[in-house]
Amino acid sequence: MENEIILDFIDVTKRFPGVVALDKASFQVREGQIHGICGENGAGKSTLMKILSGVYPHGTYEGSIIYGGEELKLGASSIREAAEKGIAIVYQELTLVRTMTVGENVFLGREPVEYGSIDWNKLYADTRAILDKYGLDVEPQETVKNLGVGKMQMVEIAKALSENARVLILDEPTSALSEAEVEKLIDILKTLKSHGITCIYITHKLEELFRVTDTVTVMRDGKVITTKPISDYTLEDMVKYMVGREMKERFPKGNRQPGEVIFSVENLKANDPNNAARKIISDVNFDVRKGEILGIAGLMGSGRTELVMTLFGEFGKITDGKVVLMGRELNPTSARQAIDAGISLVPEDRKGMGLVLIQSILKNISLPNLQKFSGFMRIDSDAELNASQQQAKSLRIKAPNLDVAVETLSGGNQQKVVISKWLLSTPSVLIMDDPTRGIDVGAKYEIYKLMNDLAEAGVAIIMISSDLEEVLGMSDRIMVMCRGHSAATLPISEATVERVMALATGIVSE
Amino acid sequence: MTENQQTNSFTNSELFQIMRSNVQTYTILLALVGIWVIFFFTTGGRYLDAQNISNLFRQMSVTAFMAAGMVLVIVTGNIDLSVGKLAGFVSVIVAYFQAYVWYKLIPDQPVLAAVLSVSIGLLTGIISGAVQGYIVAYMRVPSFIVTLAGQWLFNGLILLVTAGQTIPANQPFFSEIAQGYVPDIWGWVFALLAIAFLYFNMVRGRQNKAKHGFTLRNIYIDLLVTSVPALFVLIYVAVVNNYRGIQDPVLLLAATAMIMIYVSNNTRFGRYSYAIGGNSEAARLSGINIRSMIFRIFVLMGFLCGVAGVVLASYVGYGTVAAGTGYELDAIASCILGGTSTLGGIGTIPGAMIGALIIASLSTGLQMMNVAPAWQYVLKAIVLVLAVFADVYFKKGR
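Going down the list, the sequences are from chains A and B. Sequence positions in the first sequence follow my numbering and run 1 to 510. Sequence positions in the second sequence follow my numbering and run 1 to 398.
What the hints contain is simulated information worked out from the structure, not anything from laboratory work. Hints may contain errors.
[To be verified] Cβ-Cβ distance ranges computed for the label pairs, FRET-style:
no., chain 1, residue 1, chain 2, residue 2, range
1, B, 131, A, 426, 23 to 31 Å
2, B, 329, A, 23, 51 to 59 Å
3, B, 144, A, 333, 24 to 32 Å
4, A, 333, B, 145, 22 to 30 Å
[Claimed, not checked] Calculated lysine-lysine pairs in the DSS-like style (CA-CA distance at most 25 Å, straight line):
no., chain 1, residue 1, chain 2, residue 2
5, A, 50, A, 322
6, A, 290, A, 279
7, A, 24, A, 50
8, A, 398, B, 211
9, A, 85, A, 240
10, A, 228, A, 240
11, A, 73, A, 85
12, A, 393, A, 449
13, A, 372, B, 209
14, A, 449, A, 240
15, B, 104, A, 398
16, A, 372, B, 211
17, A, 205, A, 322
18, B, 211, A, 393
19, A, 50, A, 73
20, A, 322, A, 279
21, A, 393, B, 209
22, A, 279, A, 317
Just so you know, even glycine gets a beta-carbon here, dropped at the ideal spot from N, CA and C.
Make the full structure from the sequences, and use the hints.
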């Protein structure tokens, strides 16, 4: 069945100062299909979608986009315009007003009005109609903040559909979803398809593409590599298209020689500090050796981040179990204690938790380490600068000088600043929570090399990652978490994607 | 050496760049100069004569003490609405002891009495700051609420202490605190010390940068940036010495401002404050005890209110029910005019000091022109919004 072409990208090029984000991208999307776009971070997927949704208006890019037979020319401040033309986007970060109800969110800015006042009955009835039509299982009068991420996404979709969207763009829709929620989303997409709605599905999770899409476009470094029906792909060649080289080169070879166990966690249990009834971690067991990289795998919501934040003294309330660092039992109750004991944490959310964006590189690097350079009265700025400069140099942070605000740096360099700040505190255990999230391939490689160097120098590294390839490529052993407990710890020789996934989803247990 | 090359190639663009990156500071300095020029003409020159300049700085001092603490409060993302009434409360407490207590307990000992009064005043400030800080930091009630309640509370306490009466605080020696003058010769000594310090700092800063291989700024620009405040100090001292000399509270303010500048730039306390305001999550995960920091900032704020209260009592010579009314808003406006961001993380003490000076300049000028109080408020409103708008506008252009 060959459908009409609804979207035709012709030689679309978008330049930023110093970078070509999109380089003559050309491909076609057929009406009523689910069209996947995949590629690594920085491949140009998001730029493409920003052009399509009007964030970058017509004239700021070269080439043209034909939409439904006509060239798409969105003016500046045209985000509404795209929506009016039937192109709607569901962003990676959800954009709902959390304190409002589902209905209010769906019709935000377009509330039905009668005699100058909002017709609430109509609003909720219309919301209900949309939700029912597409099989979205949410209550119109529920307050959004009470919903899980998966249901919030349904609200976003309902909002887009309420504007009579013909093309629905989903940008990494499953990055925050549990397996069951992903299942549900895929069902919804199929319902949408049966109603003739075209979906553009952006992801870097290949397995999802095979489950849901009709056609897939692979992008790399701003270029469209290929577009063909999903049935013409194998997983291997899709990876090859994405990476542009064989998988093996993605991870630098290290020469790590793990030594004795220096950090161990036994039967750890912890509760949510804000809600004592909620268990966040139950029965976690693992240990890390000197000079070893221990990978922690697990699905979103499996308690990985909660576990490391608890070990760092900043989240869970430990109710049972033992944490031992270099022979001494530890009961971390604040980050300060953990740092002083020799644990550092590169947090998951670089901008939100790792950096003070408006401050300089220097101030960010020295922040947790000021005690080293100062008494009560004075910061020894010489010592501070020396030490920070040394770190910045050894990690090759690219910046004119250390007085530059970190908000102006690229994602990879920002992450290096976070790592610098934690290395300066000379940890014996370095916890890295998704250290390569949102940074480009080259910077990833540098961070992997750095991790190797650190491990070779005797630091014990605990690395969490959502990217299974990364866990498999970098770790000496892998601890798999499932619903708050440690399902198993596998030596790398016994770990495969299938085995780790089976453990993480709880299909099998050891 | 690179320094020589750079000295030789003085470029306008470099100066322009520095001006651009400090738009806020320059807009506000220009605004100050503009205000002075306007009043100079509208008052037939009286505005800039020695006596008025002298008064102007004394007038700003009470607000400025509070603004110096308020910068850090706002930088950490908090607010303190109680400072005006707290300073007022301190002033009536001090007046009460001066007028009704010491003459019975320790008659004819004005020095001891004044020392005790000051101590009690400062202690009152510290305790009040500590209580409010504890509620904000450890009981986690938003500072807006706590200090609004604090404002009411101190207002009530003022009424209780004064019983609606005016309490005299014009006893010998105590009056000297805010009404005294520094002898001319000492005025010059302080001025020269301050100037020497400014240039010393500049040279040391350059040496330090050179040592670490940073590119140095053009020496003329550094000289210019240092010479402007130096010149300002010189002119100020020359002018006020022409009248009766530097006023004691102004000297005290200068010392306080210097200490606060040092604290905010060169101590962990200062660094942590800015980090908390910039991103409290990142600060927390960097091992900073946020609650204890917020608590200590409120204690510092309380202490500075104590200083302001003592100066206020000594300056006006009595404690009244109206003491300190509205000063909190002047202090907050000073910070905002001086570039403190209401979003937290950004703000400087020198900026707030200039802000306080602008507000005092407006008030004195308008009073001299006999503008009705109603119109004084209207004009101050316009200046505040214009100044912040100019900043927003220029930042957008960048």
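Taking the hints in turn, this is what the structure says about them:
1. A beta carbon spacing of about 40 Å between residue 131 of chain B and residue 426 of chain A contradicts the range 23 to 31 Å that was offered as a hint.
2. Between residue 329 of chain B and residue 23 of chain A the beta carbons are some 56 Å apart, a value that agrees with the proposed interval 51 to 59 Å.
3. Distance hint check: the CB atoms of residue 144 of chain B and residue 333 of chain A are about 29 Å apart, consistent with the given range 24 to 32 Å.
4. The hinted window of 22 to 30 Å between residue 333 of chain A and residue 145 of chain B holds, with their beta carbons roughly 28 Å apart.
5. For the hint linking residue 50 of chain A to residue 322 of chain A, the alpha-carbon distance of about 49 Å lies beyond 25 Å, and the restraint is violated.
6. With a CA separation close to 30 Å, the supplied pair residue 290 of chain A and residue 279 of chain A exceeds the 25 Å bound.
7. Annotation: proposed proximity of residue 24 of chain A to residue 50 of chain A holds, straight-line Cα distance about 16 Å (limit 25 Å).
8. Among the hinted pairs, residue 398 of chain A with residue 211 of chain B is consistent with the structure: their alpha-carbon atoms are about 21 Å apart, no more than 25 Å.
9. Our distance criterion of 25 Å between C-alpha atoms is broken by residue 85 of chain A and residue 240 of chain A, whose separation comes to about 36 Å.
10. For the hint pairing residue 228 of chain A with residue 240 of chain A, the CA-to-CA distance comes to about 15 Å; that is within 25 Å, so the pair holds.
11. Distance check on the hinted pair: residue 73 of chain A and residue 85 of chain A sit about 11 Å apart at the alpha-carbon level, within 25 Å; holds.
12. For the given pair, residue 393 of chain A sits about 15 Å from residue 449 of chain A by alpha-carbon distance, which is consistent with the 25 Å threshold.
13. Distance check on the hinted pair: residue 372 of chain A and residue 209 of chain B sit about 21 Å apart at the alpha-carbon level, within 25 Å; holds.
14. As the CA atoms of residue 449 of chain A and residue 240 of chain A are separated by approximately 22 Å, the hinted pair is consistent with the 25 Å bound.
15. Under the criterion of a C-alpha separation no larger than 25 Å, the hint pairing residue 104 of chain B with residue 398 of chain A is inconsistent with the structure, at around 71 Å.
16. A threshold of 25 Å between alpha carbons decides the hint, and for residue 372 of chain A with residue 211 of chain B the separation of about 21 Å falls inside it, so the pair holds.
17. Restraint check for residue 205 of chain A and residue 322 of chain A: not satisfied, since their Cα atoms lie roughly 36 Å apart, outside the 25 Å limit.
18. Annotation: proposed proximity of residue 211 of chain B to residue 393 of chain A holds, straight-line Cα distance about 16 Å (limit 25 Å).
19. For the suggested pair residue 50 of chain A and residue 73 of chain A, the alpha carbons sit about 13 Å apart, so the restraint of at most 25 Å is met.
20. A threshold of 25 Å between alpha carbons decides the hint, and for residue 322 of chain A with residue 279 of chain A the separation of about 17 Å falls inside it, so the pair holds.
21. Our distance criterion of 25 Å between C-alpha atoms is met by residue 393 of chain A and residue 209 of chain B, whose separation comes to about 17 Å.
22. Under the criterion of a C-alpha separation no larger than 25 Å, the hint pairing residue 279 of chain A with residue 317 of chain A is consistent with the structure, at around 9 Å.
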